[in-house]
Amino acid sequence: QIEKMPYDINGNTWFENIKIGGYVQSRYNRLLETNPNLDCSQCDKSWGAGNGISLRRVRLKFSGNLGDYVYFYIQPDFASSGSGSGQHYGQLRDAYFDVSLDKAREFRFRFGQSKIPYGFENMQSSQNRLPLDRNDGINSSIKNERELSLLFYWAPQETRKLFRELVAEGLKGSGDYGVVGFGVFNGQTGNSPELNDALHIVGRISYPMQIGNQIIEPGIQAYTGQYQMPRSNLSDGVNVKENLNYLDQRAAATFVLYPQPFGIQAEYNWGTGPEFNKYTNTIEQTSLEGGYATLTYKISKFKQLFYPFMRYHYYDGGKKFELDARSYNVNELEIGMEWRPVRAFELVAHYTISSRRYEDFQNQDNLQTGRLLRLQAQVNF
Amino acid sequence: QIEKMPYDINGNTWFENIKIGGYVQSRYNRLLETNPNLDCSQCDKSWGAGNGISLRRVRLKFSGNLGDYVYFYIQPDFASSGSGSGQHYGQLRDAYFDVSLDKAREFRFRFGQSKIPYGFENMQSSQNRLPLDRNDGINSSIKNERELSLLFYWAPQETRKLFRELVAEGLKGSGDYGVVGFGVFNGQTGNSPELNDALHIVGRISYPMQIGNQIIEPGIQAYTGQYQMPRSNLSDGVNVKENLNYLDQRAAATFVLYPQPFGIQAEYNWGTGPEFNKYTNTIEQTSLEGGYATLTYKISKFKQLFYPFMRYHYYDGGKKFELDARSYNVNELEIGMEWRPVRAFELVAHYTISSRRYEDFQNQDNLQTGRLLRLQAQVNF
Amino acid sequence: QIEKMPYDINGNTWFENIKIGGYVQSRYNRLLETNPNLDCSQCDKSWGAGNGISLRRVRLKFSGNLGDYVYFYIQPDFASSGSGSGQHYGQLRDAYFDVSLDKAREFRFRFGQSKIPYGFENMQSSQNRLPLDRNDGINSSIKNERELSLLFYWAPQETRKLFRELVAEGLKGSGDYGVVGFGVFNGQTGNSPELNDALHIVGRISYPMQIGNQIIEPGIQAYTGQYQMPRSNLSDGVNVKENLNYLDQRAAATFVLYPQPFGIQAEYNWGTGPEFNKYTNTIEQTSLEGGYATLTYKISKFKQLFYPFMRYHYYDGGKKFELDARSYNVNELEIGMEWRPVRAFELVAHYTISSRRYEDFQNQDNLQTGRLLRLQAQVNF
Chain G
1 QIEKMPYDIN GNTWFENIKI GGYVQSRYNR LLETNPNLDC SQCDKSWGAG NGISLRRVRL
61 KFSGNLGDYV YFYIQPDFAS SGSGSGQHYG QLRDAYFDVS LDKAREFRFR FGQSKIPYGF
121 ENMQSSQNRL PLDRNDGINS SIKNERELSL LFYWAPQETR KLFRELVAEG LKGSGDYGVV
181 GFGVFNGQTG NSPELNDALH IVGRISYPMQ IGNQIIEPGI QAYTGQYQMP RSNLSDGVNV
241 KENLNYLDQR AAATFVLYPQ PFGIQAEYNW GTGPEFNKYT NTIEQTSLEG GYATLTYKIS
301 KFKQLFYPFM RYHYYDGGKK FELDARSYNV NELEIGMEWR PVRAFELVAH YTISSRRYED
361 FQNQDNLQTG RLLRLQAQVN F
Chain Y
1 QIEKMPYDIN GNTWFENIKI GGYVQSRYNR LLETNPNLDC SQCDKSWGAG NGISLRRVRL
61 KFSGNLGDYV YFYIQPDFAS SGSGSGQHYG QLRDAYFDVS LDKAREFRFR FGQSKIPYGF
121 ENMQSSQNRL PLDRNDGINS SIKNERELSL LFYWAPQETR KLFRELVAEG LKGSGDYGVV
181 GFGVFNGQTG NSPELNDALH IVGRISYPMQ IGNQIIEPGI QAYTGQYQMP RSNLSDGVNV
241 KENLNYLDQR AAATFVLYPQ PFGIQAEYNW GTGPEFNKYT NTIEQTSLEG GYATLTYKIS
301 KFKQLFYPFM RYHYYDGGKK FELDARSYNV NELEIGMEWR PVRAFELVAH YTISSRRYED
361 FQNQDNLQTG RLLRLQAQVN F
Chain W
1 QIEKMPYDIN GNTWFENIKI GGYVQSRYNR LLETNPNLDC SQCDKSWGAG NGISLRRVRL
61 KFSGNLGDYV YFYIQPDFAS SGSGSGQHYG QLRDAYFDVS LDKAREFRFR FGQSKIPYGF
121 ENMQSSQNRL PLDRNDGINS SIKNERELSL LFYWAPQETR KLFRELVAEG LKGSGDYGVV
181 GFGVFNGQTG NSPELNDALH IVGRISYPMQ IGNQIIEPGI QAYTGQYQMP RSNLSDGVNV
241 KENLNYLDQR AAATFVLYPQ PFGIQAEYNW GTGPEFNKYT NTIEQTSLEG GYATLTYKIS
301 KFKQLFYPFM RYHYYDGGKK FELDARSYNV NELEIGMEWR PVRAFELVAH YTISSRRYED
361 FQNQDNLQTG RLLRLQAQVN F
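Residue numbers (the numbering used here), protein chains in the order written: chain G, 1 to 381; chain Y, 1 to 381; chain W, 1 to 381.
Next up, chain G with everything else stripped away, as it sits in the complex (with noise of 0.2 Å):
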């Protein structure tokens, strides 16, 4: 006697519709190492003196299609710091839905945490990045590169079917942000409660295209919004605006060669926000900006494949989310190679060569310059 739901049955399984997959990453940055004070806290915090090996990233993806317009996507991440000094909680990178309005999937709705269309390099899922970490210059737009949010994506079949094969394929790809990508967003960066009223915007357009026989990627993107400087993150001393919010403003341009087999990856970004200045010891609103780029060779050879690459990277401005939103100088280059011998695993070595000056009011003076070898076995499941 009761009335059934009125939807469509599809028949599937559970398995069938969801799917679980993940990575995990672990290091070793010690060896040949010039200079222990020499660290690099938003990248990874094993650097450096006192440091051993270490999990970078242990992550758990569970994904699925559900019918013909929705699709959701959960990633928590197991290498995460509680609160103390307690290591390896589970905490979320991603938790998104996306919402259709045909059934291709061109036109797409997406609720929840997810990255923010900010960037080439953040897109890029650190399962496929070849440098150990994403550059300072614009990775220090949004912390974990996520927010909570509402965007709005649009690609057409092709280019999406285009997107999937340069990721599968081991071109490195981005993934599919869409061709144009927009919408909202709270600001504070990921995993982190907002403060303020104001919500931030973003708009991002990238398309993939065919040149003969290589693949290019052109990109432009930019976003703005008021960021509030949590009380945590400020020491005893240091003069803030008295609302504690900053303009938070950036506009990058991105340039793609995927790597048949040379490969181009550069992007550079120009923005304001807030950065400490030692000379007053206040909290400022400057300019800042900063980029990076990639040479890549893709070698395919004994049923294996091999990336050897060089990055070089430089950022000149405030880290917003950290202490009295610390000031950076950062000039790096790094050589390296992947070596992938079966599709489960991955061995990457680079070499870095690296100059950071970051300061704050607790440690005024503070310009670190040094070399290490960085040492990282993956594997995808």
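The hints are simulated quantities; they were obtained by calculation from the structure and are not laboratory data. Among the hints, a few may not be true.
Identical copies look the same in the list; a pair holds intra-copy or inter-copy alike.
Said to hold, decoys possible - SDA-like cross-link-like pairs, simulated, lysine to any residue; straight-line CA separation at most 20 Å:
| hint | residue 1 | residue 2 |
| --- | --- | --- |
| 1 | Lys-143 | Leu-234 |
| 2 | Lys-61 | Asn-17 |
| 3 | Lys-4 | Gln-304 |
| 4 | Lys-61 | Ser-126 |
| 5 | Lys-103 | Thr-189 |
| 6 | Lys-61 | Glu-322 |
| 7 | Lys-4 | Ile-299 |
| 8 | Lys-45 | Ser-192 |
| 9 | Lys-19 | Gly-64 |
| 10 | Lys-103 | Lys-303 |
Since we're looking at a predicted model, the values are computed, not measured.
Using the hints, position chains Y and W against chain G.
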């Protein structure tokens, strides 16, 4: 030469025994807001000033029948706060297993952390409930509805089938917590450590029955025990009983008419517990009462579901698990609709007209009234 | 036009490659308790006054063979404490992957966080172990048994098969940690950050062999390194070595007779490490020793399994990972039985007769003796 295990082999693969599902809720509560100081700590921390887009629940469910007598259910939530300002940590909601005495599973013991059988709306999953949060009156009994416990449930086979259908066919059922349920639990509410040496006891009877073409479910339930105020929830200067223990005792009556198409869900409870008194600056043993009535209309049209609804709820009493057993007086009216265009996706909008007085030692005069529009997008998988 | 990946396609779906399983343990330790001040911080925090029903372990395991050379294993626990009073957060136990040099997987490198091959009972899963907690003598070596490490294991194919059967057929085996295992690890114990610049080294040999109708497994193992006392584990006023580093060195001998039907499991270890001395208020480098013997009888009857057992264990030394490297002297006798009526469910009851002296700077005279009945219900999936 090694002796084999004595158990029958069921021959199933792991994915036939174990099922994964879940849901995600993303919300925005800031539209048409008339009072940014009106917030609601238990129901949804993202009301009011300084909030934006939020994830209210990110749930993964792992469950399954293991042979003829055992069932398990594990449900972490990835929208839980850590201590400090971190968000989106994985924390258990449920982790329980049923051991039944018969193959029809009519008689079951339940071990672990699970919902305590007190209240129909408490048992109803947030995945199915129409208003975005539970009513204060009854939900103030047990935060997160769950406790470490040992419970016993009985329900005849045909009623178990009915419990299942009332959820599966969109009639907003509570799930199967037995026609009769009783047992013991720690009493400090879910995910909080036990503090005293006394267990709480609980009992519930709830019986769905056919009356003509309609199904109703009347129920009664009660629990009693000693609740110990955690020291971390006491302001300096507040007066409290020397041993910190207060009687925590409630009884509730439930009436449900399932929406075919018109539905009623109403509950009320009376009891006693700790409550802050601002005139004496003392946490006192006081009486409490409260409940709600929800009216629903289920519309199945265009192969979609629509549920317009209205709920009024009321509470007068303390919240034992909040600072100083915060004193509450709540009157709230909600008018809204759930729209489920496809099986996997729901949108809820409701307009909330609220009057909330909530006072503790640090905030002694705090009556907040206001209105707001609340929005939620949900994916079910 | 895009070049395909060079790897062979195995054609498996994700659920054929990846397997999910786990177990949950719910406990109650308050019956027949003679001394509510007797507790046991490392073994089970829910002994003694102010405790009730608890979840000791809530484990989900994700694992699988990925092609011929790679295996992964990720196991979060959802019964872990956060900082502060929160409970039931998800925290890693294992996150490792094996890369083998041969298709038979006889020679394997293991990357990530995994059990350090030191001690048979340490390797034995809590899912299989008879006494509810590990012995203090050997488990005081490495909290949670796991560390960030790089390990190498070797075992011939037929021994790997035997290791598997010894677990699968209910003989309480340790699983496959190689006939020979060795490697390096951080040395601050699992989920704790590395503090000094020195890695620990470890080696183990354990060889199961057939003697008539019986199977025995003798083993030896040892590790050495520098342990750094974390500042958060030092009381104000306690004296400590200036660089905080202490030699952390142990060797152990193991003898196992698998229960067909009578079994013996015995281990003893000697070593040195930091330990609080209450006469000098100093954390000193001292010697330590301890071990256990467990007697078992395996009964397979009525298509069920019964394991009556008895364990005596002893420890004299410090626990480096507790406050002030707390000084311990433990004598404990346990008599109990595990009953497994169906494959997925087990009940354990054991009566514990305990004498525990555990002293730090803040609690200098603390000898607790007492008896209690311990109960555990466990589900396996």
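Evaluation of the provided hints:
no. : hint              : in the structure
1   : Lys-143 / Leu-234 : within (18 Å within a copy, 34 Å between copies)
2   : Lys-61 / Asn-17   : both (14 Å within a copy, 15 Å between copies)
3   : Lys-4 / Gln-304   : between (53 Å within a copy, 12 Å between copies)
4   : Lys-61 / Ser-126  : within (13 Å within a copy, 23 Å between copies)
5   : Lys-103 / Thr-189 : neither (32 Å within a copy, 45 Å between copies)
6   : Lys-61 / Glu-322  : neither (28 Å within a copy, 35 Å between copies)
7   : Lys-4 / Ile-299   : between (56 Å within a copy, 12 Å between copies)
8   : Lys-45 / Ser-192  : both (19 Å within a copy, 14 Å between copies)
9   : Lys-19 / Gly-64   : both (6 Å within a copy, 14 Å between copies)
10  : Lys-103 / Lys-303 : between (38 Å within a copy, 16 Å between copies)
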